[in-house]
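K.L.:
Make the full structure from the sequences, and use the hints.
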Amino acid sequence: MAKKIRTDDNVIVISGKDKGKTGKVLRVEPAKDRVYVEGLNIIKRHQRPVPGRPNLEVGVIEREAPIHISNVALVDPKDHKPTRVGVTREGGIRKRVSRRSGTELD
1 MAKKIRTDDN VIVISGKDKG KTGKVLRVEP AKDRVYVEGL NIIKRHQRPV
51 PGRPNLEVGV IEREAPIHIS NVALVDPKDH KPTRVGVTRE GGIRKRVSRR
101 SGTELD
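So in the UniProt record's numbering, spot 62 of the sequence shown is number 62, and the numbers just go up one at a time.
Be careful, since some hints might not be right.
Listed next, the in silico DSSO-like pairs over lysine-lysine satisfying Cα-Cα at most 30 Å (straight line) [what the hints assert, rightly or not]:
no., residue 1, residue 2
1, K17, K44
2, K4, K17
3, K24, K3
4, K95, K4
5, K3, K78
6, K95, K3
7, K44, K95
8, K95, K81
9, K44, K19
10, K17, K78
11, K32, K21
12, K78, K44
13, K17, K32
14, K3, K17
15, K95, K21
16, K44, K32
17, K21, K3
18, K32, K3
19, K78, K4
20, K19, K3
21, K95, K78
22, K17, K81
23, K24, K78
Derived by calculation from the structure, the hints in this document are not laboratory data.
P.N.:
As structure tokens, then:
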């Protein structure tokens, strides 16, 4: 089944430690049902220097961890609340539509 959340969409987290926060989707992994959201679900990883890679970032690195796609919802462009996504076809073209307000998302 096609995923209804894409890169550069604005989403809101609906469960977990970052519940209620919004951000932009950086990356989607449809095979694993995961999304990476800018500034949310931040983890710290320790990185040592590697001899053959001088440009590698070293030290304690903070980065986004994946969030399960069921724990995020698209933000409705009209009222900035979570919404489900519907699909309509106009002239053979597939378009995503907000279920909350009916506005087109693409």
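K.L.:
So, against the hints stated earlier in the document, which numbers end up violated here?
P.N.:
7 and 12
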